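Visitor: Mind docking chains B and C on chain A? Use the hints.
Residue numbers (this note's numbering), protein chains in the order written: chain A, 176 to 273; chain B, 1336 to 1534; chain C, 8 to 583.
Honestly, the hints are just simulated from the structure, not real lab data.
Since we're looking at a predicted model, the values are computed, not measured.
All residues carry an ideal CB built from backbone N, CA and C; glycine is no exception.
Keep in mind that the hints are not guaranteed to be accurate.
To be verified - DSBU-like mimics (lysine-lysine), calculated; alpha carbons at most 35 angstroms apart, straight line:
| # | chain 1 | residue 1 | chain 2 | residue 2 |
| --- | --- | --- | --- | --- |
| 1 | C | Lys572 | C | Lys455 |
| 2 | B | Lys1454 | A | Lys245 |
| 3 | C | Lys25 | C | Lys448 |
| 4 | C | Lys207 | B | Lys1346 |
| 5 | C | Lys572 | C | Lys494 |
| 6 | C | Lys448 | C | Lys530 |
| 7 | B | Lys1346 | C | Lys455 |
| 8 | C | Lys207 | C | Lys530 |
| 9 | C | Lys455 | C | Lys207 |
| 10 | C | Lys530 | C | Lys572 |
| 11 | C | Lys494 | C | Lys66 |
| 12 | A | Lys245 | B | Lys1346 |
| 13 | C | Lys266 | B | Lys1424 |
| 14 | C | Lys572 | C | Lys25 |
| 15 | C | Lys572 | C | Lys448 |
| 16 | C | Lys25 | C | Lys207 |
| 17 | C | Lys526 | C | Lys448 |
| 18 | C | Lys572 | C | Lys207 |
| 19 | B | Lys1346 | B | Lys1428 |
| 20 | B | Lys1346 | B | Lys1424 |
| 21 | C | Lys530 | C | Lys25 |
| 22 | B | Lys1454 | C | Lys266 |
| 23 | B | Lys1428 | B | Lys1447 |
| 24 | C | Lys494 | B | Lys1447 |
| 25 | C | Lys526 | C | Lys455 |
| 26 | A | Lys245 | C | Lys207 |
| 27 | A | Lys245 | B | Lys1428 |
Unchecked claim - Which chain A residues face chain B? A few, computed with CB under 10 angstroms, are given here:
| # | residue |
| --- | --- |
| 28 | Val188 |
| 29 | Val241 |
| 30 | Leu264 |
Said to hold, decoys possible - Computed spacing ranges between beta-carbons, pair by pair:
| # | chain 1 | residue 1 | chain 2 | residue 2 | range |
| --- | --- | --- | --- | --- | --- |
| 31 | B | Pro1503 | A | Ala199 | 53 to 61 angstroms |
| 32 | B | Tyr1490 | C | Gly65 | 41 to 49 angstroms |
| 33 | A | Tyr248 | B | Thr1501 | 32 to 40 angstroms |
| 34 | C | Ser256 | B | Tyr1490 | 45 to 53 angstroms |
| 35 | A | Tyr248 | C | Leu400 | 33 to 41 angstroms |
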Amino acid sequence: MDAAGHDDIQHHVRVYVMVFIALACLTAVTVGVSYLHLGRAAAIGVALTIAGIKGGLVAGYFMHLVSERKVIYWVLSLTAVFFLFVLFLPLLTVNEAQ
Amino acid sequence: MSDIAIPYMVKPHPVTGLPNGKLGIWLFLASEVMLFGALFSSYVLLRTGAESWPRGADELNVPLATVNTMVLIISSVTMVMSWASLKMKNLAKYRLYMGLTVLCAFIFLVIKYFEYTSKFHHNHFPSTSNFFGIYFTLTGLHGIHVIGGIIVNVYLLTAGTSLWHTDPEHFTNRVENAGLYWHFVDLVWIFLFPSLYLL
Amino acid sequence: MADQHADHGHHELSWWRKYVFSTDHKIIGIQYTVTALVFLFFGFTLMMLMRWQLAYPGKALPLVGSLLNVGMPGGVMQPEFYNMLGAMHGTIMVFMGIVPLAVGGFGNYVMPLQIGAPDMAFPRINMASYWVFLPGGLLMLASFFVPGGAPQSGWTSYPPLSDIATTGQTIWLLAMVLLITSSLLGSINFIVTIVQMRAKGLSFFRLPFFVWAQFVTAFLLLLAFPPLEGAAVLQLMDRVAGTSFFLPSGLVISGEPLKVAGGGNPLLWQHLFWFLAHPEVYVLILPGMGIVAEVVANNTRKPLWGYRLLVYSIIFLGFMSFVVWAHHMFMTGMGTTMSTFFQTTTMIISVPSVVILTCFLISLYGAAIRFTTPMLFATAFLPMFAIGGLTGLPLGLTASDIYLHDTFYVIGHFHYVVAPGTIFALMAGIYHWYPKVTGRKMSERLGKVHFWLSFIAMNGVFMPMFFQGMAGLSRRLYDPTVYVWGKNIQPLNVVISWSAWLLAIAQIPFIWNFFASIKSGEKVNDNPWEATTLEWATPTPPPHGNFVTEPQVYRDPYEYSVPGKPADFSPQHVEA
Chain A
176 MDAAGHDDIQ HHVRVYVMVF IALACLTAVT VGVSYLHLGR AAAIGVALTI AGIKGGLVAG
236 YFMHLVSERK VIYWVLSLTA VFFLFVLFLP LLTVNEAQ
Chain B
1336 MSDIAIPYMV KPHPVTGLPN GKLGIWLFLA SEVMLFGALF SSYVLLRTGA ESWPRGADEL
1396 NVPLATVNTM VLIISSVTMV MSWASLKMKN LAKYRLYMGL TVLCAFIFLV IKYFEYTSKF
1456 HHNHFPSTSN FFGIYFTLTG LHGIHVIGGI IVNVYLLTAG TSLWHTDPEH FTNRVENAGL
1516 YWHFVDLVWI FLFPSLYLL
Chain C
8 MADQHADHGH HELSWWRKYV FSTDHKIIGI QYTVTALVFL FFGFTLMMLM RWQLAYPGKA
68 LPLVGSLLNV GMPGGVMQPE FYNMLGAMHG TIMVFMGIVP LAVGGFGNYV MPLQIGAPDM
128 AFPRINMASY WVFLPGGLLM LASFFVPGGA PQSGWTSYPP LSDIATTGQT IWLLAMVLLI
188 TSSLLGSINF IVTIVQMRAK GLSFFRLPFF VWAQFVTAFL LLLAFPPLEG AAVLQLMDRV
248 AGTSFFLPSG LVISGEPLKV AGGGNPLLWQ HLFWFLAHPE VYVLILPGMG IVAEVVANNT
308 RKPLWGYRLL VYSIIFLGFM SFVVWAHHMF MTGMGTTMST FFQTTTMIIS VPSVVILTCF
368 LISLYGAAIR FTTPMLFATA FLPMFAIGGL TGLPLGLTAS DIYLHDTFYV IGHFHYVVAP
428 GTIFALMAGI YHWYPKVTGR KMSERLGKVH FWLSFIAMNG VFMPMFFQGM AGLSRRLYDP
488 TVYVWGKNIQ PLNVVISWSA WLLAIAQIPF IWNFFASIKS GEKVNDNPWE ATTLEWATPT
548 PPPHGNFVTE PQVYRDPYEY SVPGKPADFS PQHVEA
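The shape of chain A in the complex, shown without the other chains:
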């Protein structure tokens, strides 16, 4: 990141602490929800949503993605598209055959 002043870093440290608390809470929530024995679709939806939020916090604040450069956004967007291809197309193909 650019040369940051002391105060700037202190602000970041506060953010890190808040993110940590959020991550801890979300972990508790996701484990708690799992004991509710929701239906298949709901369980997957909730679990992945919470994981998505947690991951977003780690990526956005610990990995500084919220203030990153365009080049990185382009690389990650391209990767995200291909990630979706490899995640869903084989599944769709195999399932349609059955």
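Guide: Frame of chain A, contents of chains B and C only:
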């Protein structure tokens, strides 16, 4: 031969705004997204095609894995704090936080060891079923990545620190890049944990 | 940079650090080139052995046959050995020959020079990538010597067969992990270098097309290889840890039910493999297109026609290459929705290839062409690639693919693109850049002999394969004459085999030329082809650090025959 001055090794490029190493590590992480993405895809394909598949909580130790999840999250905080300490020019604090990060990583592996040996004790091996096959393969590969992170972080804690005295900005960048890798390892676990243990 | 050596009082590096464990992209490029060429010729030798069996099934191979006791007792090829040769030929050519030559060799040597950089962004990672590639390649070759011999499940390693195959298959998987790691290190380096280290004034749309080709290729390697690495891990687990990722329940081998948990899916491997292997074929062709662009522009003394069109096409091609892979799997029982999807994307991807080829063809129009040896190879690339590309179309449509899949038609198709396609482009590149590396030209006379013999032989080898395929001859078939339709077209196999042996002989003038010209080739200046791009602005050979003064770029890459200029070429780095 290593005396050629490579531009933008430390200072960011005027247009992209990035030093080389940062772009490099993000590209590496992009490839890792594809690696774990393919393995997640395999997990989904195998599970949806299976006649039966146990609930994660019935076969795996959820409390222990929850502890491990918190251990990794804590290590992510200490990792980013170690970088922040360097930005505040505090080498002692850096050493403390980086040391804690490595400690957490070891704790993660130790807990993993107990998890695995307990499985083996109950005669659950990768060959037992695809559930266990995927469990051991995914967490095993993740574990290998944890070990890789430990090696890098230990280096940055010991021999690598000499760079701080000759080129502090370069060293700070290296720690930041190592941090990006480490956060990614945490990120993968954030998705692995619910996928394997809670569903 | 040459002056700065003295200024910094830098200590002389040992011979080992200078020429073996070098971090200089030019040395690494030469290491990749030589190693890849050796692997390429070895892979070719394996095919020449196979061609004996195909032309004269069951006959003893004179002289050479008796040396290969294990696979060819009494000189007669065993079916298992035939399969080993086939699997290794494909694997070696693709992963140890063409790509390391096109990307590791040409990319490493030329790209930093063409962008005006002193070296790659990460010189030590560059060195690491070669020194992971070499052990990977040697490990792959070592598989011939383990009990059970080399892998014999095709370069595609389909399970369940590959899951239960002999030890050689495990070696294949481990070697692939090393080769993929090497590729990953390289692709990161290429992308960062091109993005971050272009000379002043060298915007993206002033880049030589060769650099664009390497840039897109690097992205393909970066993002497509990891799923294969994942799949390799899964197959290793199946083979070594007894998992059943790819083994379905109830599998029976030779009357015995397999003692595994089951529940796996062989198609999972196919999806993950082809997710890589389709972009991989674009990795095979793109650098070649880049080389052809350079050679055509230089020898037509005209700017390339449609530069922007070429750039947008190659970017689109790279992107689409990730979403066509299941056209290799039309026969696996997929439903009509998904097969329609993949047929559509496959038809769409043919468009940018045609655009690129058309731009090259139009570039020839109205030119006073200098038919040097590189230009002969580059020009021949065009119709050869056209044949390869066009013959792909019936394979991309299920109606015709049902008949042609797994026949020799497929072999003819893909070899046309890679052999008289990419390999011709790589040959053009060798003849074209040889003077920059050595300060001497290769012999034109020997070059022309090499070209014409190779051109005739290549077509002799691969054209008949389309007819064999249409007659129904399957690939990976040890004895074509076991089937009536194979027996009927057996004469074609004799034609093909003799053409292949002619192709081998045709390489002798090239090999001689390559080595002899180092000492006795015509000595030339720094820019013997009167080219415009930055690599020709360096001393010959380029010194450590490449450029004496940091270059600045003032114009587009192919300013040839600009009206009003004194010379018929305006180098990118010259201000006037």
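Visitor: Check each numbered hint against the structure and report the violated ones by number, ascending.
Guide: Result: hints 2, 5, 7, 9, 13, 14, 24, 29, 31, 32 break, sorted rising.
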